[in-house]
Amino acid sequence: ILNVEQSPQSLHVQEGDSTNFTCSFPSSNFYALHWYRWETAKSPEALFVMTLNGDEKKKGRISATLNTKEGYSYLYIKGSQPEDSATYLCAWNGSGNTGKLIFGQGTTLQVKP
Amino acid sequence: DGGITQSPKYLFRKEGQNVTLSCEQNLNHDAMYWYRQDPGQGLRLIYYSQIVNDFQKGDIAEGYSVSREKKESFPLTVTSAQKNPTAFYLCASTREGVPNQSQHFGDGTRLSIL
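If you're matching them up, the sequences are chains A and B in order.
Counting from 1, position 20 in the first sequence corresponds to residue 20 in my numbering; the numbering is continuous, with no gaps.
Counting from 1, position 2 in the second sequence corresponds to residue 2 in my numbering; the numbering is continuous, with no gaps.
Keep in mind that the hints were calculated from the coordinates and are not lab data.
All values reported here derive from a predicted model rather than from experimental measurement.
Hints should not be assumed to be uniformly reliable.
Unchecked claim - Chain A stretches covered by chain B per the calculated footprint, using a threshold of three residues with CB under 8 Å from any CB of chain B: (1) 46 to 59; (2) 96 to 108.
Said to hold, decoys possible - Quick list of simulated restraints, FRET-style, between CB atoms: (3) B:G2 <-> A:P82: 28 to 34 Å; (4) A:E83 <-> B:N28: 29 to 35 Å; (5) B:T77 <-> A:N53: 38 to 44 Å; (6) B:G2 <-> A:E39: 16 to 22 Å; (7) B:N28 <-> A:L52: 24 to 30 Å; (8) A:V13 <-> B:A81: 40 to 46 Å; (9) A:P82 <-> B:E96: 33 to 39 Å; (10) B:I113 <-> A:E70: 19 to 25 Å.
Every residue, glycine too, gets a C-beta built ideally from N, C-alpha and C.
Produce the complete structure using the sequences and hints provided.
Next comes the structure, spelled out in structure tokens:
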């Protein structure tokens with residue numbers, strides 16, 4: 001069974017805290033690992049697409065790392081702000097050009113002012 | 001502004017009724033996807049299409065049907081054979097044949113049973 005797992009399921013932090021989430025995926029047939037941010041009442045928005053083992057990507061206070069050999073990716077948020085409150089989804093592409101993604105169940109982050 | 005438009009935002013289905021969810025994109029993307037979200041679960045792929053007049057079943061295609069007569073449009077029909085249709089449905093698109101492209105999503109349709 002090809003499964004993508006995210007942990008924790010939910011997280012509550014104070015404004016200014018740094019936090020990180022984990023995405024675990026099958027280590028075979030790896031093509032790409034995607035991260036999306038999904039705010040309430042909006043559509044999911046792409047954060048990163050990672051393709052190479054050891055990749056590190058950064059967008060402002062958010063960064064991600066990738067380990068394809070052991071099948072995990074970390075998403076870090078430095079100095080969380082209330083506007084970071086959202087569900088963060090990771091998705092594994094093990095199918096190549098079909099673009100078929102298998103999504104994790106998401107990590108919901110709530111940042112309290 | 002380019003994007004994906006899903007309609008309606010909310011939809012109610014009676015027993016034995018087929019309903020169709022609309023998905024239109026003006027991004028000139030070849031590939032389009034339908035996902036279903038249930039509480040506590042990740043998005044699950046229902047159907048996808050990489051080119052006009054062609055589509056493939058995803059992981060949970062039973063009880064659903066699609067068509068792809070135009071590049072811009074990928075409607076999803078939830079048939080009466082789908083016994084548990086209450087869920088949130090998301091449509092997405094991307095450039096075809098490029099595995100490292102992000103998918104663009106619509107705002108979703110929430111389907112409930114009357």
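Would you check chain B against the segment 46 to 59 of chain A, counting CB to CB pairs closer than 8 Å, and say if three or more residues qualify? holds (count 3)
Could you tell me whether the CB distance from G2 of chain B to E39 of chain A stays inside 16 to 22 Å? With Cβ atoms ~20 Å apart, the hint holds.
Kindly confirm whether 38 to 44 Å is satisfied by the beta carbon distance between T77 of chain B and N53 of chain A. Given a distance of about 41 Å, which is inside 38 to 44 Å, the answer is holds.
Range hint 24 to 30 Å: satisfied by the CB atoms of N28 of chain B and L52 of chain A? 28 Å, holds
Three residues or more, CB to CB closer than 8 Å: is that satisfied between the segment 96 to 108 of chain A and chain B? holds (count 11)
With 28 to 34 Å as the target window, see if G2 of chain B and P82 of chain A comply at their CB atoms. At 29 Å between Cβs, range holds.
Is 40 to 46 Å right for how far apart the beta carbons of V13 of chain A and A81 of chain B are? At roughly 44 Å between Cβ atoms, A81 of chain B and V13 of chain A fall inside 40 to 46 Å, so the hint holds.
Taking the Cβ atom of E83 of chain A and the Cβ atom of N28 of chain B, is their distance within the range 29 to 35 Å? At roughly 31 Å between Cβ atoms, N28 of chain B and E83 of chain A fall inside 29 to 35 Å, so the hint holds.
State, for the Cβ atoms of I113 of chain B and E70 of chain A, whether the hinted interval 19 to 25 Å holds or is violated. Violated - the Cβ-Cβ distance for I113 of chain B and E70 of chain A, about 43 Å, lies outside 19 to 25 Å.
Between P82 of chain A and E96 of chain B, is the Cβ distance one that fits in 33 to 39 Å? Since the Cβ atoms of P82 of chain A and E96 of chain B sit about 38 Å apart, the hinted range of 33 to 39 Å holds.
The structure fails to meet hint 10 from the earlier list, while all remaining hints are met.
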